[in-house]
Every structure is written in C-alpha cells, then in structure tokens.
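Chains as they are written, first to last, in my numbering: chain A, 1 to 262; chain B, 1 to 412.
I should point out that these hints are in silico values taken from the structure, not numbers from a laboratory. Just so it is clear, the structure is predicted and the values come from calculations on it, not from any experiment. Certain hints may be false.
As the list claims (entries may be wrong) - Calculated Cβ distances over 10 Å to all of chain A for the following chain B residues: (1) 69; (2) 129; (3) 174; (4) 199; (5) 254.
Claimed, not checked - Below, a list of computed lysine-lysine pairs in the DSS-like style, where the Cα atoms sit at most 25 Å apart: (6) A:107 - B:245; (7) B:3 - A:207; (8) A:260 - B:3.
Even for Gly, the Cβ is constructed at its ideal location relative to N, Cα and C.
Spelled out from the first residue to the last, the chains are:
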Amino acid sequence: MKIIVCIKQVPGTSKVQVDPITGVLIRSGIDTKMNPYDLFALESALRLKEEFGGVVNVITMGPPQAIEIIKEAFMMGADDGVLLSDKKFAGADVLATSYTLSQGIRKMGDFDIIITGKQTTDGDTAQVGPEIAEYLNIPHVANVLKILEVTNKDITVEMDMPETVEIVKIKFPCLISVEKDIYQPRLPSFKRKMQTKNKEVRVLCLKDMEDKDEKKYGLSGSPTQVERIFPPDENADKEIWEGTGDELADKITNKLKELKFI
Amino acid sequence: MGKLFIHHDLVNDDTANKLVKICPFGAIEYKEGKLEINAACKMCRICVKKGPKGVIEYIEEPVINIDKSQYKGIAVYVDHVNGKIHPVTFELIGKARELAKKVNYPVYCIFPGFQIFDNAEELLHYGVDEVFIYDYLELKHFNVETYTAVFEDFIINKKPSVILIGATTTGRSLAPRVAARFKTGLTADCTVLDIKENSDLVQIRPAFGGNIMAQIVTPNSRPQLATVRYKIMNAPQRTDEANGKITVCSMDTNKLKSNLEVLKITEKEVEENISEAEIIVVAGRAIKTKQDMSLAYELAEVLGGSFAGTRPMVEAGWIDAKKQIGLSGRTVKPKLIITLGVSGAVQFTAGMKSADYIFAINKDPKAAIFSVAHYGIIGDIYEIVPKLIENIKKEKGLVGEMPKYAAPSTRN
C-alpha cells in the first residue's frame, strides 16, 4: 500500500496578537510544531502500513525550517518526505496551497491513499484536503471516525455527519481526512531518530513541478486576498468588577437576579 | 496580484534589522549584508506599510479582470438529511437577503436530494426568490462527488455571484470541492459578511489562529464561496404566505456516478447539544485539576444550564469534544454565558460572542476575554465560584439538599 500523509508546521502557541495602535502583529517567538491533528493522520497511515505493508511518505509546504516536522515524521516511522519550498509559493491561500500540494504529490509517483488531519490549528479551515482531492480528481471523505476495512482496491470508513454516522466505501486512489482520536499517536522513537538522522529530505521548488506557471502559485494563484487585519472589536458596553471573592460572588448573584436568571 | 521587491541600495544594518523584526512570520532574513524574503512570507505587506520607507516595495502585476456583471444572485446551499433542512440554511437565507438587497440581486437556494419538493416549499416562507431542486435517487444521501456535480451544473447555468454554505460537517467537505472545481476563492467560518457595490463579498473571520480578525475579498474570481457556522447569523421570521418559485432542474445523470458508496447510515443518539442551550458555564484553563471541573459543572447545574469547555480542556481529556466552544468546536448563542478562567483567544470568542449576556471571571486583568465580556470579573475562580454556587442555592431554596455532583466526564 502506498500512503501519502500531508503535514504542516504551525506556530507552537496561538498567542499571536495585534498591537491595537499600530496594527502590527506582535510576534510571539518562532516556536513551531507539527500541526497536532496531523499526528492522527500519520498514526493512521503507520497502522495501515503495519497491517498491510507498503510505504508511508509525508509531504509539506513551507519555509526551509519546515524540514523539522518531516524529520519528526521519520522518527515516528515515515519512510520518505518531500518539502515544497519556494519564495514563489509565499502568500498562498487555500486554493494555491492545495494546487501546490497536488503538484508536489504528482511528483511522488502512484499512491493508493492520501491521509490528512482534520484541520490545522493556525488556519482552522479544514479545506485543503478536499481541494487537493479535487485537483487530483480523486474521491475524498472527510470526518473519518474509524477505518473499518481495507482491500486491495478500496477502503471502508465510518464518517461523521451532522445527525448521522455513515459507513462509506471509497475506491483507491482516494483521500481521507481523519478525526482527532482515530488512533492514539505514537511518540517519536529515539532509535528511529538515530537511524534517520542523516536521512535526506527531497526539497522541491517551482521549477521541479509539472506546471511551472508562476501565476498558479503563491499570492498570484490565490483568488482570495486579505484586505486588512485588525484586532477584534471591543465590547463598548461593559463593566469591570474587582474585589474580594465573596464581594464578587455577591455582585454576580445580584446581577443574575436582576437579569432574572435566578 | 503582485510581488515584493527589495531595493538593495537602501539596505543597511539598521533598515535590515528593523525589517527582520517587523515581520510577524520570520520571513525576512539578513545574512552577510544581504536581505532576503523566504517562503514563510504570507504577503501581509506589513514590511511595506510599517517598515523603513521604500526598502521593500510591493509591485502590482497586471491582471486580466473578469466581467463581474456576468454573475448575479446570492445562492444558499440547502443543508439537509433526507429532506430535513438544517437550521443553518435559514440563517444563511437571512444573510443572503440582506446582501442581495444592497446590490439588487435575487436570492437562490440550491437543493440536491430525492423526493424533496415538499421540503423545498418551506423555503419559500423565508423570502427566497427561487429554489432550484435537483431531484434524483443518486442524490438521496450526501455524497461529495455527486453533490459537487450538481453545483457544477447550477453554477454554469445560473452564474451566481456568491454562494453561502453552512459550515456543517457536510458543508465543510462540499464547499472546498466546489471552489477548487471553479478555481475560485473560499473563505471558511466567516463571522461577518457584507457586500461592496461592485459585488465583492467582504468576508471577516478570525485568522492566523490568534487574536486577529482578517477581512478577506475575492476580487477577481466568481462565484465567491463562503462558509458560515450555525448560530452566527440570524434566521428571518417565517411568513405565512409563500413567495418565490421552485424550479426543478434536470442534469446529465452520467455525472451522478461516484467512486463513493454509502453502505449504512446510523442515526446518532440524541444528545444534549450545547448549541441549543440557553445558559452555559464554560470551564477554562484556570481550572487546575479534573476534579475541579465540578466547579463548572455544579454552577451549570444550579443555574439550570449546560457546561462546556475550551480547546485546552478537550485536549487535556477533561471534557468531551462535543462540549467544546470555539472555531474547532461548537458555536453557541445562549442568553447567558459565564466563563471560568477562560483567557479568550479569538478561536474561542468567535464561537460565543453573540451571547446576550457574557460574564467572564479571570484573574488576569489583561485577559482578552474581557474585551468581549459585558461583565468582566477580575478574580480567582476558586474564591468566587464556590460562594456563587452557595448564593444561588440560597436564592433558589436549594440549601440543605446538598446534592453530590459527579465529575463531568462521567456524565457525558
């Protein structure tokens, strides 16, 4: 079985803030990590490999330092990794990101299944997986709760829907996005760290892609544009209370009474 | 569209270091006297606007402008299970009507399904101009491939300018597929929508995972797609009379073939849904142990409300994921919400700030939650909440019973 897992490097904390006066982002250090949801995707892939044989390759797009998460994937058990990195990929929105990843995946050869996490913790959109599937012209299932059965030509999964749970069979090649907690992700192993220390990561840039048209990548290939960023609205109509624990508890009680909640 | 150009003649240690510092993404590098922008750049252009003048310039590249007048109408996807319409659909119709009025567009609904004519009629009580139904056995159950084929047919024939889709599990799977097919823009989880005179949809959502809002437009692609979560917009009042019309569409059934096969559908057990709760108590990171979750649970209980948590509480395994409020959890619009030691990242507040009354208790006077709270209480939850519970019990005459509450995790 040939499995590809899409992963992303995300900020280590979510404490990015905007200076309300200058409108400039306040940087909170360059602490980064692998998107936590991707660990579930990688774990699912490794379990499939352990049961059915094959290879697990990871792909990511990002700055040169994103190589760190590919190395982390090696420590968990991934076989190979590709980093898509080019200044021309900068400023990509969902569509351009998906297109770039789909182009990178085409350079990785045939595959049976692509596995992605539910979403990233920095973008929170959950849109890149389905868009990759569309660009590769393969079926996809999002919100996968469980993998039930695998044959040499398809996979049967349990999918979460608003009011139902559905069992769906999808033909290979396909893409699935797995939910958090599908399997408990393993920890990186020290032994594998030593074994893969010098393992090479393939780095691909625009000129390595099948489609070299600059206009389809990065900001140029992004139909959406960020017009402005700003701190969230302050609630103008508010009260701030201070005091001892007992005073504050009484104040809250009285206000709740006044508002008829008690 | 454009790119950043560095005027190397203006680069010196001073300007370079200022630029390196100003970039929030660490994308500007200064090595051996050479300034470079790397692939971490998000094209936010802060370096152009706020950096030393003229060092980095943004160069617009000529683009071929599309003819926006070819696209008219605001379409809403009818999210449903076996014809039973998800309430987010009515909320989106409400927003679509507001937008449509500004630019004088019709409001459409797109409704793929099987034997759904009667369900479609209900939509006409909410101010929709035209409901387009695709009624085929192949569309009985949601299938991302066949439903995308329906959208393709609809978009080619009706050319809507804007398509609004509920950010349900189905909507979040369908919208990106449709957007990629038309190589157009899609903005997820918008919290505010507006429209410009030139029909550009103004989409506002929390961004970069932090305390920042981004205003996003799709200036040169149509249709413009956006998803919105349940309980963000307001549904219009149902009118007694039905207006508008239903059009039954036909399409090439060869396009309704799929590589996906639905084998079995199981109804989920009906469970307490925090999206519907009128009073919610939220447990945040200031709660130190799993046992202490009983503070939140007990307060919710005496108030006759539900309890919920933030993402860290879910990640710690102290609360079920179904009770998470925020962009990666549920959106709620209760009458009263009390947050206990919640810091208030946008990720969270985007999911609750339309509550009627927000009480926030937090020790840190600088906590972001205080900017959305109506009543900001600066103090320690461990000192305030036990007394508050006692007070409410007294008020409600519950004293003496002293019920023993189980830890929340055992009550899911």
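- Task: Compare the structure with the hints numbered earlier in the document and write down the numbers of the violated ones, lowest to highest.
- Result: 3, 6 and 8
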